[in-house]
Amino acid sequence: MISESPERLIQEFQHRLDSAGASLELEQSVDLSDLDGLAAALHDSIATLPEDERRPYRQRIGSLYTALDSLASALETRAHSLAERLEAINPPTR
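For my numbering, add 2 to where a residue sits in the sequence shown, where the first one is 1.
Errors might be hidden in some of the hints.
Label-pair ranges, simulated between beta-carbon atoms [as the list claims (entries may be wrong)]: (1) Leu51 with Glu86: 25 to 33 Å; (2) Ser65 with Ser25: 17 to 25 Å; (3) Glu9 with Thr79: 26 to 34 Å; (4) His17 with Glu55: 17 to 25 Å; (5) Arg56 with Leu34: 21 to 29 Å; (6) Asp71 with Asp36: 13 to 21 Å; (7) Leu28 with Thr95: 20 to 28 Å; (8) Tyr67 with Leu28: 18 to 26 Å; (9) Glu9 with Ser35: 20 to 28 Å; (10) Leu88 with Glu55: 45 to 53 Å; (11) Leu28 with His82: 16 to 24 Å; (12) Leu51 with Glu78: 30 to 38 Å; (13) Ser7 with Ala69: 38 to 46 Å; (14) Asp20 with Leu88: 25 to 33 Å.
Note that these hints are calculated values from the structure, not bench results. Remember, it's a predicted structure, so these values are computed and weren't measured experimentally. A virtual CB, placed ideally from N, CA and C, is assigned to each residue, including glycine.
Please build the complete structure, drawing on both the sequences and the hints.
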């Protein structure tokens, strides 16, 4: 199996995050199922590089982390909104 370049994997990861964010904004389902595999492949492709070749990817990966964190916050906000709607229909008994 030919491994993909870190650059290609970073681009694909960013594309998937962008797609998930757009889906969330449109209140559509969000598919994150392949991000685990992409993250593992990215790790493997960079882990084999000498230290000086890893440096250029660190900032890009930091940007991916920031984008993923933003998506997580948006998903959490959406989940709270949905929970509030359900509670309005059927308040929890305490």
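### Query
Honestly, which of those hints from before does the structure not fit?
Result: hints 1, 7 and 13 break, sorted rising.
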